[in-house]
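Engineer: Residue numbers (the working numbering), protein chains in the order written: chain F, 520 to 642; chain H, -14 to 314.
These are computed hints drawn from the structure, not numbers from a lab.
Every residue, glycine too, gets a C-beta built ideally from N, C-alpha and C.
Take the hints with a grain of salt, since some may be wrong.
Only pairs whose alpha carbons sit at most 27 Å apart, straight line, appear in this in silico DSS-like list of lysine-lysine [what the hints assert, rightly or not]:
hint : chain 1 : residue 1 : chain 2 : residue 2
1    : F       : 606       : H       : 298
2    : H       : 209       : H       : 90
3    : H       : 234       : F       : 595
4    : H       : 118       : F       : 606
5    : F       : 610       : H       : 234
6    : H       : 146       : H       : 58
7    : H       : 90        : H       : 45
8    : H       : 20        : F       : 595
9    : H       : 118       : H       : 20
10   : H       : 112       : H       : 45
11   : F       : 610       : H       : 118
12   : H       : 58        : H       : 75
A few chain H residues facing chain F, derived, Cβ under 7 Å [claimed, not checked]:
hint : residue
13   : 25
14   : 72
15   : 74
16   : 182
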Amino acid sequence: MKSKKIRNDLILIISLLVTFATILVVLYISRTSANLIANIYVQNHIVKRVSLDGEDQEFKIQGTNGELTIAVLNKKIGVKESNCPHKDCVKMGYIGETNRPIICAYNQVCIEIEGALVNDIEI
Amino acid sequence: MFTYRFKFSRKTLLISGVFSLLMSSCSSNAPIESKNYFFDTYVNSRFYNVENSVLDDVYKLLSEYNGLTDNYKQSATQTSVFEINESNEKIEISKNAYNMYLKVKELQISSLNYFNPLIENLSRLWKESLDNKEVLSETIISSELLKMNNSSFELFKENSKYYIQRNGEAKLDLGAFAKGYSLDILNEYFLSNEIKNYLIDAGNSSILLGEKPDNNGYFTVGLKDISNAYLELKDCFIGASGVSTQGVKINNKMYSHIINPFNGSAINNYDYVFVKGNNGALCDVLSTSFMIMDVDTVKEFEKNYNVEAILYKDSKIIYSNSNLEIKYH
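So here's chain H without its partners, still in its complex pose:
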C-alpha cells in the first residue's frame, strides 16, 4: 500500500507538471504598449519580451524625426521643415537630418517624381479649397505646378557640418515620407538591439511588424473596407493610403488629399492602396504614388522595388499581388 501511494504521488507530480506546462502555455504573453502623438497622428507601439526602457528609446527616436519633419512649427531641438520653408537661406542641419533629406532625394528620383517633396503649397491650397467644398481652379493649379517645377532643394556638407538650401517658391512637405522613414530608423534600432517582437503602427498608414510571440510569429492585419479580410504578416513594413476619410465629393467626383504632382489633380485612381515591403520610407512613398498610377505601372514598380500591393475601389479588390494571401475570418 505504501509503495503504491509513493508511486501514485510521483505520478501525480509528473502529471501535475505536464498540466502546469499546458496551463503556462495558455497564459498570454502580455505585451507592453505605448501611444504617442507624433506626425499629426497617434503612433502605437506594442512590444513583447522587452524592458520598459525600450519604450523610452522609441519615444526619443520618434520625437526627433517628428521634430525634423514638422511643417507647422519650429522644433525646440531640431531644424524643422517649417524653418526650412521660411527661408531660401542656407540652413545648418544635423547629420541625421542630412541623411534623411538624402533619402528624400533618392526616393524622389526612384519614384520617377511621383513623390515630389516640394508639393506643400499645392497640397495646402487643395485642402483649403476642399474644406470649402470647392475645386481648386486650373489657373492656381498651373501656377503652383510651375512654382514646384522651378523649385529645388540642395544639400551641402562643409567642414563636418551639414546644410540645406531651398530654392524657389515651392515649399517642402514630407507627409508622404516622414512616418515610413521614422519606422526605418526604429527598425535599425531594433536590429542593433536584437529586439524581435513588436508592432509599430503610425496612424494606420505606416506600420512596422516584427514577430508575434505566437501564431508562428505572424500578426493578423485586417483590411479596411473588405469585410472579414485579413493578411498574416511578419518582419515587414506596410504603407497604406486611402481617400475614404479624407475624401470630399463634389459633383459626383471624389477629391482627396493626395495630389498628382504631374497635373495637380486631386482625383485618385483607387479608394485605398496597401503596400508591403522591406523599407518603411519606400512603402510610405509608394502607397501614395500608387494612388495615382494605373495598374500596369503599379505592377512595374512592384517588380522594380520588390514590394507587393493591393489596390481597391468601392470595397472591391482591383488588383492584388499574388504573393499576398488574403484570408477571411
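Here chain F stands alone, though its shape is the one from the complex:
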C-alpha cells in the first residue's frame, strides 16, 4: 500500500514537471521563432504592419512632409528612398531582429520591429 502511494506520488510529480517543462519549451520556441512583424508609425499612429517572413516587397508610405519608399529585403526592413533632406533614415540601413528603430524625423515616420527580443534597447 505504502509503495503504491509513493509510486503514485512520483508519477504525479514527474508528470507535472514534464508538463511544466513542455510548456516552457513551447513558450521559448514560440517566442524565438515568431514571425517578425514591423510596425510603421506616422505621427504616433501605426499606419502599416508588415510581416518580414513573407516575400521581399516594396511599398510607399505617406509621411508628414512627403513620401517614403519602404523595402522588405531578406527578412529585414528599411527605407529605400525618402524626400527628407538629410536621408538619415535611408542611411540607417535595414533592421531585422533588433530593437533599434528607423526614424525619419522630417516625415515623423518610425519603423520598429514588434517584440524584438535580442535586447531591451539598442543604442
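Given the structure of chain F, go ahead and fit chain H onto it with the hints provided.
Structural biologist: Chain H in isolation, oriented as in the chain F frame:
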C-alpha cells in the same frame, strides 16, 4: 482506501499549488508602452506595474519641454527657443523655462564651453552645406564663430516673473541638451510618485532606465555597431552620440552634425560615444562633447563628473571605462 484518497487529494492540491506558482512565475509581466513624437524624434516609454494615467502625465511633461526647446516653431503654450531666437528683446518665460535655462548655463560652464547653446547658426549652415555635399568655407566658419563668441543670453527674475534676453546675432540651439533634461524632469516625477519600473528612450540618444521587474532589475542595452555586445544597466541615464547615420563623407573625410564650438569643425574624433551617469542633461551634453575630445580629456571629465564612457570608431572600441562590463550574446 478512503484515507489514502483523501491524502492523495490533499497532496494533489499542494503539488498543483506549487505548479501554479511555477507557472505564474513564468508568465510575462506585460509592460504598458507609448510612443510619442517629440524633440524631432520618437520617445518610447515602457512601464511595468503602473496605472495608465502615468502615460498621460509623462506625455504632458514631455510635451511641455518639447514646446520650450523647439527652435523651428512657436509653441501654443510655451515661449519656445524659436521665439527667443526671433528677437533681442527681453522675453517673459515660465518658471520651468527659467530653471531650464539656468541648467543650460550651468552645463555650458561645467563642460568648459564644449557645450555652447549659441551654436544654432553655425550648426544650421553646416547642415545646409553638407546636404549639398560641400564643406562649409573657412570664411563663414570664422564669421559665425565670432558671432557666437560675441553673443550671450541673460536670465532675469523680477517681481516673481521670469525673463530671458538674447544678446548678439548667434541663436540658441538646445538639441544637445533638451532630451536629457526632459528625462531629468521625468526622473523627478518618477521619484516623487515612487515609480520604479520603466524604460524611457528618447530617439536612441537619451535614455532613462529604472528597474526591470526581472533579471535583478537590469535592462539589456545593445551597443550599436559592435556585434552582439551589450551592457546590463539599471537606475541610470544614458547619453549617446554618433555620426553613423548623420555623417557625410567628402574627400575621404567624415563630417557630422556635431560641431566643434572652438574651431567650427564638423569632424569628430569618434564614430560613436556612449555615456552613463546619474543626470540626463549632463549625459546628453557630455555624449556630444566627448565626440570632439581626445581620450585623456574624456577620462578627466569622467572623473570630475562621475560618468562612465565608451568611445568607438570603425566598429572598434577605442576606450571603455572599466566600470562598464561589456558582455556578448
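Engineer: Look at each hint and say if it fits the structure.
Structural biologist: Tested hints:
1. F/606 x H/298: 22 Å, holds
2. H/209 x H/90: Violated, at roughly 31 Å.
3. H/234 x F/595: The hint holds at about 26 Å.
4. H/118 x F/606: 12 Å, holds
5. F/610 x H/234: 12 Å, holds
6. H/146 x H/58: Cα-Cα ~24 Å, so holds.
7. H/90 x H/45: Given pair residue 90 of chain H, residue 45 of chain H holds - Cα atoms ~25 Å apart, limit 27 Å.
8. H/20 x F/595: 22 Å, holds
9. H/118 x H/20: With Cα atoms ~33 Å apart, residue 118 of chain H and residue 20 of chain H exceed 27 Å; violated.
10. H/112 x H/45: Violated. Residue 112 of chain H to residue 45 of chain H sits at ~31 Å, over the 27 Å cutoff.
11. F/610 x H/118: At roughly 15 Å apart (the allowed maximum being 27 Å), residue 118 of chain H and residue 610 of chain F satisfy the hint.
12. H/58 x H/75: 19 Å, holds
13. 25: Nearest chain F Cβ about 4 Å off; hint holds.
14. 72: 27 Å, violated
15. 74: Because about 30 Å separates residue 74 of chain H from the closest Cβ in chain F, which is outside the 7 Å limit, the hint is violated.
16. 182: Not OK, violated: residue 182 of chain H not within 7 Å of chain F, min 12 Å.
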